[in-house]
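Once you have looked at the hints, place chains B and C with the ligands on chain A.
Residue numbers (our numbering), protein chains in the order written: chain A, 1 to 182; chain B, 1 to 437; chain C, 1 to 333.
Hints listed in this document are in silico derivations from the structure and should not be mistaken for laboratory results. Using N, Cα and C, we set each Cβ at its ideal position, and we do this for glycine too. Any given hint could turn out to be false.
Think about it this way: if two alpha-carbon atoms lie no more than 25 Å apart in a straight line, the pair counts; the simulated BS3-like pairs of lysine-lysine are [to be verified]:
1) C:K203 x C:K145
2) C:K228 x B:K55
3) C:K228 x C:K239
4) C:K203 x C:K20
5) B:K228 x B:K95
6) A:K131 x B:K55
7) C:K228 x A:K131
8) C:K213 x C:K283
9) C:K185 x C:K203
Stretches of chain B that chain A covers, calculated by requiring three or more beta carbons in the stretch to come under 8 Å of a beta carbon on chain A [unchecked claim]:
10) 175-187
11) 191-201
12) 398-410
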Amino acid sequence: MTDVNDATPARGQGGGGDGPLGPVVAGLNALGSVWIIAIMLLICADITMRTLFNAPIAGVAEMVAFSIVGIVFLQLAHTLRSGALTRSDLLLTLVARRSERAARFMRALFNLTGAALLALTFWYFVPVLAKAWTNPERNFMGNPGFFVIPTWPLYALMAIGMAATVLQYLASAWANLKGRRP
Amino acid sequence: MTGLEIGFASIVVMLILIYSGLHVAITLMLVSFVGVWMIRDNPDMAAKLMVAAFKDSISDYLFGVVPLFVLMGLVVSVAGIGRDTFDVAQQAFRKILGGLGVATVAANAIFAAITGISIASAAVFTKVAVPEMRRHGYTPHFSVGVVAGSAVLGMLIPPSLLFILYGVLTEQSVGDLFIAGVIPGLVLAMTYGLGIVAMGRWAPGFIGGTTVSTDDMPTMSFGEMAAKLAPIVILVALVLGGIYGGIFTPTEAGAAGAAGALIIAIVKRRLGWRDFWQVLVQTGHTTASICFLIMGASLYSRMLALSGMPGWLGDTVLGAGFGVNGVVIAMILIMVLLGTILDSASIMLLVLPIAVPILIGLQVDLIWLGVIAILAVEIGLLTPPFGLAVYVIKSTLGPDTDITLGQIFKGAAPFALMMALVLALVFIFPSLATALL
Amino acid sequence: QETLNLTVATGHPAVFLWVKHIGETFIPTVNAELAKTGEVEIEWNEAYGGTLVKLGAEAQSLQDGLIDVGQAMGVFDPAKMGILNMTYAMPFGPTDAKLVTEAAEHALMSSEGFLDQLADATGAVYIGGGIAIDGYNIATTTPLKTRADMAGVKISGAGPNLSWLDGTDAVGVQGSYVSFYNDIKTGVSDGLIGWITANAPAKIWEVAPYYNKVDFGAMYVGGLAVSKDRWDGFSDTTKEAFRVAAQAYQDAYFEEQNARIEGSTQAMLDGGGEIVEFDEAEKQAWIENMANPSSAWMEAARARGEPVDEIMAAYVAYLSDAGFTFTRNYIEE
Ligand code: NA
Ligand code: NA
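Looking at chain A on its own, in the form it has when it is part of the complex (with noise of 0.2 Å):
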């Protein structure tokens, strides 16, 4: 059997150290691991009941959608602890050769820019968080009578999600600042 012990994850740039955040970005890590799951059962059960029963299931294509939007966000702040978010290496290593203070300090720039970005977004979505809650009569998705499903607990779980990844990118600089991580 092949090993996966090189997607083991948390061996990342904020690992350790940071108090309550690490378990906290475990966890809905792991609902957003249990949602993908949920999405096939979902798929599938949805083909079986055509297919078998001639009783497809009203709204898949709702719920799927609203489903992946979720999910990224509940796993954005453990993808980003990890260290699988995509960037170029080259000039950090570079620059890491000549010099480790340097580099850390690119590292913590960059990850304040992270945070700083995503603080932004979520200043900016939280009024939109609070007007799906208030008047979920206009923010839902799918249509009266077929599929309805309100986009309040979606919006509450990309809040959260960005609200992690934010501490996540801010850990992550702390990190570089004092040294742990190359």
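Chains B and C with the ligands alone, transformed into the frame defined by chain A:
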């Protein structure tokens, strides 16, 4: 600065930031945010556009099945189904230098018949083929380069989401487009195969794969080979049969394939709980990483739309009064250039509405043009700085891999060149696309 | 002279008639109207086909000020613009797209102050230019004349259209024109709910040759809209120019649509397609047995505080004056 200048300046800034090591998705978002702010002189609006991109860029059934295709690939890999398959391929191609590369291309051509998205092919074969090729002594850059290159087949051989999008944008029959993609897809697969064999002969250092001496390897019996191949054959039959037997759609095939792979792995007792959980975690990482990139790319292409750059390109280049061939070549060049910085769908959305009316006026065969356009935009999957197939491979390899982005781009480069060659062939011999119609 | 920079964007690409005539008719007419007084000139930035706003996000983008001009469409944005979906909630209506549009726009405007209320709630000002999709029917692999013919037949359609299949034993499969052809070809479904000018470019008859005239009716989808903040800043002459252009847009749309319906029908017949007339008595039985298609939609509109009863009464009355009566009284059940 005019919108146009901001559009061009954004490319330079993006290049610098990406190569400096800022996360690619963050780079795209930051550059777009500042770009929109400058174009509209309104930071408020720039932030709202970013929120819109977060909310609706990936909110679609199509993206919803991305994790399921990734999951299928990881299960095939972790349950050793991929390894078994490649052991047999190694046996079959043992006389050829680069044989596993050829096997990967062939396997991708088959997988292309069950997936409509190249992301899926890239994720699946990164897990299935790359470890096996490296185990057999191939160089890291060649191992990933083959996977990146042959992932393109997923969009050329039907079903293909890009052909569907092209059909919608140009009012052409999707059925005709699918048929038109078959021969060019097979020609591309063969070109890759020949190219690999040629590299094996004239540039063996580039591909490696020579450390395993094949002569003294024990020969597998026919029964052994059949036993090793059975799981993958069952899985492919399940998915192909399901699609072409009308049980499920190519999109739903992600779910059916993932479930099928899980069942096979469990029946063969090759998937414990711990492995299963690790597979799920990594599925999530690849999905989140790719989808976050797509959000960034979507935002960036919206910024470009606001800057007026695509319209300017269309008016000045496509409308310069060239003949038919001149306009088609200009369209190809624009698509390949935009392919360095944008995702395939965005390029088609930006360029085709400008190019197609001009080309209809020149009485171009729009089915042939569709094949040309798909080939041109798919080259962008392999070219830096924004090459989605390369990014999928990088994130599927996981954070602890020793393979860098630069190595993947390097390994993919010969395949991008071979794509350009096939593109030229379809351009010169239109019957490659239209013969089956 | 004042110069305005306006961004017009849609989720659909310009192959859709309702987008094509924004660039071909609406914008030139606005420019021509404004040129008469010369007070205002507009620099247009056009971004169609989802390059700037995703399909269904147009109203939100107008509200956010990301775009200035766009489309207010009920069927693609049921949450924000659900009230524009009135004809989808009233199937088996008239097949004349222009009549349906007139009735719908009349109904929206007849309720005093309603369009202002909608603009306040959504940030999008409806300026007219309403359009409708040509009549919906069912294309299938086997001819459908009776409800018995429909039993067990899998029919693809967008979510809200599938509700219309209630009252028959047909099986609704959710999908869109992006997937219809392939789904029918492989056998995932046996047909689709659609309209002829969309079937034609996709050559749907290659896989589903029977075009069964069940006559769900033409469906009003919405009209043109301007961001409320922008609109409030327009002078009266500018507003008038936009309204005149919206009317010209509507006229051009219907003119080309009529030509396309004829051309598409001919293309289908030439391509081996066949028109099947659905039995009238069977259709009445179907309509009787269908779960009320209006009630959930009206409930949703009431929840949004919209005067839906008044609007629907005006819609039905307008059609009645024009000589069309629904065989079932959906709204008073
Ligand atoms: Na394919
Ligand atoms: Na590229």
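Status of each hint after checking the structure:
1. C:K203 x C:K145: Holds, at about 22 Å.
2. C:K228 x B:K55: 22 Å, holds
3. C:K228 x C:K239: 12 Å, holds
4. C:K203 x C:K20: 21 Å, holds
5. B:K228 x B:K95: Judged against 25 Å, a Cα distance of about 20 Å means the pair holds.
6. A:K131 x B:K55: It holds: about 14 Å lies between the C-alpha atoms, which stays within 25 Å.
7. C:K228 x A:K131: 18 Å, holds
8. C:K213 x C:K283: Status holds; Cα separation ~10 Å.
9. C:K185 x C:K203: 12 Å, holds
10. 175-187: Answer violated; 0 residues pass the 8 Å Cβ test.
11. 191-201: As far as the region 191-201 of chain B goes, the hint is violated, because 0 residues have Cβ atoms under 8 Å from chain A.
12. 398-410: holds (count 7)
Checked against the numbered hints listed earlier, the structure breaks hints 10, 11; every other hint is satisfied.
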